[in-house]
Amino acid sequence: MKKTIYYFSFFFLWGIVTSSLQPAAAFQEADSLQTPSVTVIQVQGTIGPTTTSYLRRALETANERGDEALIFKLDTPGGLLTSTQDMVKMMLASELPIFVYVSPEGGNAGSAGTFITLAAHIAAMAPTTTIGAASPVSMGGAEMDTVMQKKIFNYSESFIENIADRRNRNADWAISAVRNGEAITEKEALKLNVIDFVATDLQDLLAQADSTQIGEHYLNTRNASVNYLEKSLAESFFAFILRPEVMLILTLVSIYGIVGEITNPGAIVPGVAGVISLILLLYGVAALPINVAGFILIGLAIVLFVIEAFTPTFGILITGGAVSFFLGALMLFQNFPVEMQLSWYWLVPATILTVLFFGWIATAGIKAQFTKHRTGPESLIGKKATVVDSIDSQGGRIDLMGEYWNAVSQEEIKEGEWCEVVSLEGLTVTVKSYNTTENKET
Numbered sequence: 326m327k328k329t330i331y332y333f334s335f336f337f338l339w340g341i342v343t344s345s346l347q348p349a350a351a352f353q354e355a356d357s358l359q360t361p362s363v364t365v366i367q368v369q370g371t372i373g374p375t376t377t378s379y380l381r382r383a384l385e386t387a388n389e390r391g392d393e394a395l396i397f398k399l400d401t402p403g404g405l406l407t408s409t410q411d412m413v414k415m416m417l418a419s420e421l422p423i424f425v426y427v428s429p430e431g432g433n434a435g436s437a438g439t440f441i442t443l444a445a446h447i448a449a450m451a452p453t454t455t456i457g458a459a460s461p462v463s464m465g466g467a468e469m470d471t472v473m474q475k476k477i478f479n480y481s482e483s484f485i486e487n488i489a490d491r492r493n494r495n496a497d498w499a500i501s502a503v504r505n506g507e508a509i510t511e512k513e514a515l516k517l518n519v520i521d522f523v524a525t526d527l528q529d530l531l532a533q534a535d536s537t538q539i540g541e542h543y544l545n546t547r548n549a550s551v552n553y554l555e556k557s558l559a560e561s562f563f564a565f566i567l568r569p570e571v572m573l574i575l576t577l578v579s580i581y582g583i584v585g586e587i588t589n590p591g592a593i594v595p596g597v598a599g600v601i602s603l604i605l606l607l608y609g610v611a612a613l614p615i616n617v618a619g620f621i622l623i624g625l626a627i628v629l630f631v632i633e634a635f636t637p638t639f640g641i642l643i644t645g646g647a648v649s650f651f652l653g654a655l656m657l658f659q660n661f662p663v664e665m666q667l668s669w670y671w672l673v674p675a676t677i678l679t680v681l682f683f684g685w686i687a688t689a690g691i692k693a694q695f696t697k698h699r700t701g702p703e704s705l706i707g708k709k710a711t712v713v714d715s716i717d718s719q720g721g722r723i724d725l726m727g728e729y730w731n732a733v734s735q736e737e738i739k740e741g742e743w744c745e746v747v748s749l750e751g752l753t754v755t756v757k758s759y760n761t762t763e764n765k766e767t
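Read the sequence shown against this note's numbering and you will find it ends at 767, with the numbers running on by one and no gaps.
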């Protein structure tokens with residue numbers, strides 16, 4: 326009997342233990358079979374403030390999802406150094422593995438793109454892509470001051486060297502990309518330890534990166550599900566606004582709109598458009614390294630144009646304003662890299678359009694100053710009227726602008742005919758016959 330109780334107790338306890346272990350084992354098995362995922366973002370074009378916010382949002386999203394990695398598909402000629410610095414800081418500080426994949430075929434990681442690619446945990450390039458040419462260049466390729474040039478190059482060289490050392494990449498080549506503007510193909514980049522892989526497409530990259538050790542973690546990306554994260558509406562809109570040519574257009578619209586509202590009060594639409602454009606322009610000024618001297622010159626041009634409208638100098642101030650506006654627009658984006666410069670195809674038409682606009686205002690102002698304005702009774706002279714009662718030297722009546730007036734004339738004008746006011750004395754007007762043919766044409 327005792328043996329039976331012992332056996333029963335043993336099997337009872339065994340059942341409890343095994344049943345408690347089964348859910349844990351099942352959970353572990355389900356967890357091990359869970360499909361990994363990656364988030365993919367894509368940047369084509371210049372690097373700017375909106376690119377930084379896009380990367381920040383992507384990192385937050387990928388971390389919330391528990392993704393295996395964030396993949397940054399890149400094709401850029403370069404961009405702003407400040408935005409590049411912010412992005413590199415985020416990438417170096419990220420615990421989530423970040424891939425930079427230079428694609429599509431024929432793409433480029435130029436200038437700022439070189440810094441970003443080197444800062445990735447995994448760097449890869451598609452076939453027929455290039456990387457390098459990271460030398461800092463001023464707007465329009467103009468020569469920089471020798472001391473300033475040396476400072477910028479020294480900083481850029483040390484910056485890219487630190488990035489390369491941090492990711493165990495070829496620091497010598499990285500320095501050469503800045504110092505000598507060297508650019509290489511994807512095959513050369515792989516051979517020189519600038520990148521980790523050459524991948525034909527995204528799936529090829531995920532397969533090659535699988536089992537790669539990042540810190541103490543081994544990547545599980547071979548069959549990872551891919552989640553694409555597009556730019557938000559705000560990011561796309563402000564990326565468009567922060568383009569130099571768009572900012573130049575906003576400058577013109579704000580000038581034309583506000584000046585148009587001042588010279589023609591009550592129009593409303595020009596004023597509203599001008600104020601909205603000015604607000605967007607100020608946002609761009611705060612976000613980008615705008616040259617303040619350029620704004621001062623544009624402001625001076627506006628002052629000269631307005632003075633010309635009120636104190637005509639017959640083109641002298643307009644000429645000075647045109648020169649000031651052109652130089653201001655040229656200097657406005659002087660601190661931008663060469664790939665973000667404004668071409669002559671924008672500067673020259675903008676200057677001509679502005680000169681024509683203010684020339685038209687100045688012409689209207691000159692006409693207004695030299696035109697004799699009639700007010701009160703004098704404003705009736707030259708007006709046309711209909712004869713109500715036949716008119717002669719003794720008198721008669723006319724319908725003038727809806728009012729009846731006594732009238733006299735040196736000639737007889739019959740009822741129903743048209744006449745023209747030539748003078749006014751008291752409440753009686755002197756009129757003359759108005760040619761019927763001319764009246765009909767009028």
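Worth flagging that the hints you see were computed from the coordinates, not collected in a lab.
Some clues are possibly wrong.
Claimed, not checked - Simulated pairs of lysine to aspartate or glutamate, EDC-like, Cα-Cα distance not exceeding 20 Å:
no.: 1; residue 1: Lys414; residue 2: Glu507
no.: 2; residue 1: Lys708; residue 2: Glu737
no.: 3; residue 1: Lys757; residue 2: Glu728
As the list claims (entries may be wrong) - FRET-style restraints, in silico, Cβ to Cβ:
no.: 4; residue 1: Asp535; residue 2: Asn493; range: 16 to 22 Å
no.: 5; residue 1: Phe635; residue 2: Lys757; range: 51 to 57 Å
no.: 6; residue 1: Glu570; residue 2: Lys512; range: 53 to 59 Å
Quick reminder that beta carbons are idealized off the backbone N, C-alpha and C, glycines included.
Here is how each hint holds up against the structure:
1. Distance check on the hinted pair: Lys414 and Glu507 sit about 24 Å apart at the alpha-carbon level, beyond 20 Å; violated.
2. Restraint check: the Cα-Cα separation between Lys708 and Glu737 comes to about 19 Å, which is no more than 20 Å; the hinted pair holds.
3. Of the pairs offered as hints, the one joining Lys757 and Glu728 holds, with about 18 Å between alpha carbons and a cut-off of 20 Å not exceeded.
4. Taken as a hint, the range 16 to 22 Å holds for the pair Asp535 and Asn493, whose Cβ atoms sit roughly 20 Å apart.
5. For Phe635 and Lys757, the hinted distance range of 51 to 57 Å is not satisfied, since their beta carbons lie about 39 Å from each other.
6. Between Glu570 and Lys512 the beta carbon distance is about 36 Å. The supplied range of 53 to 59 Å is therefore violated.
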